[in-house]
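A.B. asks: Given chain D's structure and the hints, the job is docking chain F onto it.
Residues per chain, in single letters:
Number of protein chains: 2
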Amino acid sequence: MAEPLEFYFDFSSPYAYLASEQIDALAARYGRQVKWRPILLGVVFKATGSAPLTEIPLKGDYSRRDFDRSARYLGLPFRFPSKFPLPTQAAARAYYWLHQQDCAQARAFAHAVFRALFVHDRDISDTAVVTELAVQAGADPAALAAAIQSEEMKARLRQECDTAIARGVFGAPFIFIDGEPFWGADRLPQIERWLAHGAF
Amino acid sequence: MAEPLEFYFDFSSPYAYLASEQIDALAARYGRQVKWRPILLGVVFKATGSAPLTEIPLKGDYSRRDFDRSARYLGLPFRFPSKFPLPTQAAARAYYWLHQQDCAQARAFAHAVFRALFVHDRDISDTAVVTELAVQAGADPAALAAAIQSEEMKARLRQECDTAIARGVFGAPFIFIDGEPFWGADRLPQIERWLAHGAF
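As you go down the protein sequences, you meet chains D and F in turn. Numbering (full-length UniProt numbering) for the first sequence: 1 to 200. Numbering (full-length UniProt numbering) for the second sequence: 1 to 200.
For reference, chain D alone in the conformation it holds in the complex:
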């Protein structure tokens, strides 16, 4: 069995949302699984001296237009959130806690978080919203709320961010296949070539 792909993302990245709707099916066509790894781009940007795309002069205006157009190109629903950027710690910690119990539940939750933000314009920085989505995925609300505030999940998320930076992750989505790094939803065609024919 070939190694799983590793999919690093922040729940607030529009391009990561676009990748999240394609990556599992793409990998499955070539007999591969995908490990989902939410991280915090704020922590990454502090390490690299970068900033959210939408806050960069000229690039910001373009990126807003490109998010919309790229979603239409891919046939995916998309609405730019009224609150953006926004913190995603609660969602990421909830993801790792759910993942310890049940991988499928965690995956359903992750899709729900992305769609809540980028389709239904919900505030995923709100712990109540995160809890609601986790409960819909099958989580116990009290246990989930405690997990979001637990030192264990805080440490886990910090460690995932540190590992990502150590591996060279500087943006999202960031995907590794067999150790090879690919940055951006627009690298999915190259990823497909790699999956189909191996290293090129």
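If you are wondering where the hints come from, they were derived from the structure by calculation, not from laboratory data. There may be inaccurate statements among the hints.
Calculated pairs, EDC-like style, for lysine to aspartate or glutamate (alpha carbon to alpha carbon, straight line, at most 16 Å) [unchecked claim]:
hint, chain 1, residue 1, chain 2, residue 2
1, F, Lys83, F, Asp126
2, D, Lys35, D, Glu180
3, D, Lys59, F, Glu180
4, D, Lys83, D, Asp140
5, F, Lys59, D, Glu180
6, D, Lys35, D, Glu152
Using C-beta positions, here's what the derived DEER-type ranges look like [what the hints assert, rightly or not]:
hint, chain 1, residue 1, chain 2, residue 2, range
7, D, Ser82, F, Ala146, 54 to 60 Å
8, D, Gly198, F, Phe80, 20 to 26 Å
9, D, Arg29, F, Arg72, 40 to 46 Å
10, F, Gly198, D, Ala142, 51 to 57 Å
11, D, Asp102, F, Phe45, 45 to 51 Å
12, D, Phe84, F, Pro87, 22 to 28 Å
13, F, Ala143, D, Gly198, 48 to 54 Å
14, D, Phe200, F, Ala2, 34 to 40 Å
In this text the structure is predicted, and so the values were computed from the model without any measurement. The beta carbon of each residue, even a glycine, is placed where N, CA and C say it ideally should be.
C.D. replies: Coordinates of chain F only, in the frame set by chain D:
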């Protein structure tokens, strides 16, 4: 006749080189011409507070790998230049001067400059190299050398950079179709959709 595409680039942009090898044929398949518009990314980056990709932490290492892999993906020859980044004023001014005399000559020269840098590892910041390439494209060496230093061509290049920034150009390649902006060689699939089916 549909409007021509506008292709903004700096001769030192690896991704612009990758686009330059595809853009004319792509446009021609849909009955369109392409206006080539060399600019100076240094001037653009001063306006936007950005920096060359290869000088950004983590992103720099990744970009070196991505240039190579993207060229292999597209089946194009590519060698990262030993001198990089480098100034491209002379090449850009020579382009605009040639373009006043003969569009086809200017196009042949532009391809030659890109390939000199990214295939044959030549120093295109050297006026002697620029002159040699222009002469191969059919230019008179003395007139070309004078044009590179002329106030007229200096002003023309400044004006093209100012126009580009005013239109929202913040990187290269940057392509307009019917006023719609596309940034990056990886937007060529979206550009093809636009050419084939119109606005989406």
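A.B. asks: Which hint numbers does the structure go against, in order from smallest to largest?
C.D. replies: 4, 6, 9 and 12
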